[in-house]
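Each chain is listed here by its residues.
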Amino acid sequence: MNLTLRTWALFALVAVLIIGTGFLQSWNTALFILNFGLISAIMSLGVNLQWGIAGLFNVGIMGFVALGGLAVVLTSMPPVAEAWAAGGLRILLGLAIGVAVLVAAVLAHKRLKKGWLVAVIVVGGFFTFRAVFDGGVEAVEAVNPSVSGYLGGLGLPVLMAWPIGGLLAAGGAWVIGKTALGLRSDYLAIATLGISEIIIAVMKNEDWLARGVKNVNGLPRPVPYEIDLQNDPGFVETAAGWGMDATTASTLTVKLAYAGLFAVVLIIILMLAQLALKSPWGRMMRAIRDNEVAARAMGKDVTFRHLQVFVLGSAICGIAGAMMTTLDGLLTPGTYQPLRYTFLIWVMVIVGGSGNNLGAVLGGFIIWFLWVQVDPMAQWLMSAITAGMAEGDLKAHLLDSAQHLKLLTMGVILLLVLRFSPRGLLPEK
Amino acid sequence: MDLLNALVALANFVLIPAVAYGSQLALGALGVTLIYGILRFSNFAHGDTMAFGTMVTILFTWWFQSMGLSLGPLPTALLAIPFGIAGTALLVLGTDRVVYRFYRAQKVKPVILVMVSLGVMFVYNGITRIILGPDDQNFADGERFLISARDFKAMTGLDEALAIRTTQALTVVVAVIVVAALFWFLNRTRTGKSMRAYSDNEDLALLSGINPEKVERVTWVIVAALVTIAGVLYGLDKSYKPFTYFQLLLPIFAAAIVGGLGNPLGAILGGFVIAFSEVGITYAWKKVLGYALPDSLAPDGLVQLLSTDYKFAVSFVILVIVLLIKPTGLMKGKSV
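From first to last, the protein sequence lines are chains R and Y. Quick note: the first sequence, position 230, residue 230 per the working numbering, numbers continuous. The working numbering runs 429 ahead of the 1-based position in the second sequence.
Don't take every hint at face value.
With a cut-off of at most 27 Å between alpha-carbon atoms, the simulated BS3-like pairs for lysine-lysine come out as follows [to be verified]:
| # | chain 1 | residue 1 | chain 2 | residue 2 |
| --- | --- | --- | --- | --- |
| 1 | Y | Lys740 | R | Lys204 |
| 2 | Y | Lys740 | R | Lys178 |
| 3 | R | Lys178 | Y | Lys755 |
| 4 | Y | Lys761 | Y | Lys622 |
| 5 | Y | Lys536 | Y | Lys622 |
| 6 | Y | Lys538 | R | Lys278 |
| 7 | R | Lys114 | Y | Lys582 |
| 8 | Y | Lys670 | R | Lys406 |
| 9 | R | Lys178 | R | Lys204 |
| 10 | R | Lys178 | Y | Lys761 |
| 11 | Y | Lys755 | R | Lys114 |
| 12 | R | Lys110 | R | Lys300 |
| 13 | Y | Lys740 | Y | Lys667 |
| 14 | Y | Lys715 | Y | Lys582 |
| 15 | Y | Lys740 | Y | Lys715 |
| 16 | Y | Lys715 | R | Lys110 |
| 17 | Y | Lys538 | Y | Lys667 |
Simulated restraints on C-beta separations [unchecked claim]:
| # | chain 1 | residue 1 | chain 2 | residue 2 | range |
| --- | --- | --- | --- | --- | --- |
| 18 | Y | Leu734 | R | Lys429 | 48 to 56 Å |
| 19 | Y | Gly523 | R | Gln274 | 15 to 23 Å |
| 20 | R | Asn2 | Y | Gly523 | 34 to 42 Å |
| 21 | R | Pro376 | Y | Leu635 | 49 to 57 Å |
| 22 | R | Thr251 | Y | Leu498 | 54 to 62 Å |
Because the hints were derived from the structure by calculation, they are not lab data. Heads up, the beta-carbon is just placed ideally off N, CA and C, and yes, glycines get one too.
Could you build the full structure based on these sequences and the hints that come with them?
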């Protein structure tokens, strides 16, 4: 089977799986899988750009996804005027001092090469920063903490948050890339893993920014609310015409509207990624990936190109993160786990086929489908196995353990693919 | 007197916890470093191997407790550790046979092995959760305190109390014994020497007739022993929960890298650097400073540099700073 035919066949399989879910389980589940599949596909496109095309091992995807989520709050929530009055400017001043200290330290390090001076600047700067910043934070967090206690956002339309999420992630990636990209592959991986944990730690603890673990809910939506649709006589009539009750019809419509928006973003990013891959730029990136020394000898600026592709790929993950938070309607920093937002995305890229954009998209859909569907399958399997057993602790334990089969399955799939088809379902051409 | 009180408070809240935590990290980091030095990849499954080893030990501990076996004032888990090590050794040797050996034969790039270890991490994670569940498990028994706060106060008449938990003392003693045994093995025995030779220069070692299979097997068994012991000590000292062990991967990696990957002495140094910075930076120094400084200078606030929630972040800030200044760690590590 040639690659084109294989691509079509596998994407048809994904369509069958999702539509089959619709018929066998419910259309709500099918659309849930479709929506998160679209988002996952975008994330794995971003990772594919970094790993598949440029050979950068980034294990900090979770951090960029979270930055995208943060962007939704910062963009679309209305500003809390009272909090701004209480300490907003003081926080901004504190942050400005923090940045100034870092810049001064970097400059001192580069120009003067005096370690003790850098240390003095950093330590002294840290205490100045805390002195200004802490007061502002206390004032802001004291403002009506049960509902706000944070600065709020800019009150812009929520769709604006998607590109802004990309920009925020790109900014984060630039800072990280500047510090960590000089490291060798393993060190880079561990550094990105750590930095993504730092991003999550900041989001969990800095309540003035986005309420921390108190979460921000009620984010604005780019699509109508179900309840408004149900109260719209025209919509109820149309739904009745399709033979559906208004409640089901409204939830499906909302999910479909999201799917449409996500599909547009995915198609745009996919097209850009394909163009990039086939362009001279893409050839250069692959040349750098395959032989860094030779590429350097040919006069390519490897460090700059790595930074470039790292920022681009992370920006894509940021956009996907913003889309996901929009879909959820709330930002919950406590739920960002590396297993789900970093390692699962890696499974998607490897299983789909690293270096092949369509492969990354395919991997996103298939692995997400399995991530959702392994649960009911495992429950069914476990109840089948334990059906003949007497009631007791062992039976209860086995039934209970079905929920953990998900991780095991993902690991086994990853290992099998790496072993028997290391280039993935859709290999690079 | 006040200075003594300050010292006691410092020991109680900073020195003792950091030494215990540092020993646990050092044992974990030694395993990471050995795998990096000899098998030549960063093992992402390390935290979950630790969780598995501890789980086996816990199961044996419960069994021994149900039979009424005990070590008196010491935790029963000590009796179960050899069985935990054996179980873990079987697991990692099996994994090596089924998974890693194939890639070694192909001489793949190290980063592929890192990815493979991600798959192994998922599998171990699943196995542990299926067998023991994801919740907190308690398996500590025996005497709780070596010196309790009340005894210490009665003994010395100071305002500030010092409490040393049995598990903290045990951690340090066991860690010293294990590290001494490991260094004796690496420096004095034939197998240990061949391991070091293999780590320094693979080709040369092969030429001089070292059996790579044996070196790799021995490495895995030592790693199994190190992670099980570190995991059990951590579990006794704090608490056992598979997810916590997965999270421990981060400070352990940080310790190994800060010290210099592939360098056993560095791993120990790194463990203590990370532990002391984590505890020191997130500790509220108000009490110690209040005793140590004259009244006029006593601080008003908590004097806490960062809130305790930033514990994991601290290890990474240190990691990044060290990598920027010394790209191969404090004690010259390897690079692939």
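Do the hints match the structure? See the list:
1. Y/Lys740 to R/Lys204: Cα-Cα ~13 Å, so holds.
2. Y/Lys740 to R/Lys178: holds (24 Å)
3. R/Lys178 to Y/Lys755: holds (16 Å)
4. Y/Lys761 to Y/Lys622: holds (20 Å)
5. Y/Lys536 to Y/Lys622: holds (24 Å)
6. Y/Lys538 to R/Lys278: holds (26 Å)
7. R/Lys114 to Y/Lys582: violated (47 Å)
8. Y/Lys670 to R/Lys406: holds (19 Å)
9. R/Lys178 to R/Lys204: holds (25 Å)
10. R/Lys178 to Y/Lys761: holds (23 Å)
11. Y/Lys755 to R/Lys114: holds (15 Å)
12. R/Lys110 to R/Lys300: holds (24 Å)
13. Y/Lys740 to Y/Lys667: Answer holds: lysine 740 of chain Y to lysine 667 of chain Y is near 15 Å, not above 27 Å.
14. Y/Lys715 to Y/Lys582: holds (21 Å)
15. Y/Lys740 to Y/Lys715: holds (19 Å)
16. Y/Lys715 to R/Lys110: violated (36 Å)
17. Y/Lys538 to Y/Lys667: It is violated: about 38 Å lies between the C-alpha atoms, which goes past 27 Å.
18. Y/Leu734 to R/Lys429: 48 to 56 Å: holds (53 Å)
19. Y/Gly523 to R/Gln274: 15 to 23 Å: Given range 15 to 23 Å: violated, Cβ gap about 43 Å.
20. R/Asn2 to Y/Gly523: 34 to 42 Å: Hint holds: Cβ distance 39 Å, inside 34 to 42 Å.
21. R/Pro376 to Y/Leu635: 49 to 57 Å: holds (51 Å)
22. R/Thr251 to Y/Leu498: 54 to 62 Å: holds (58 Å)
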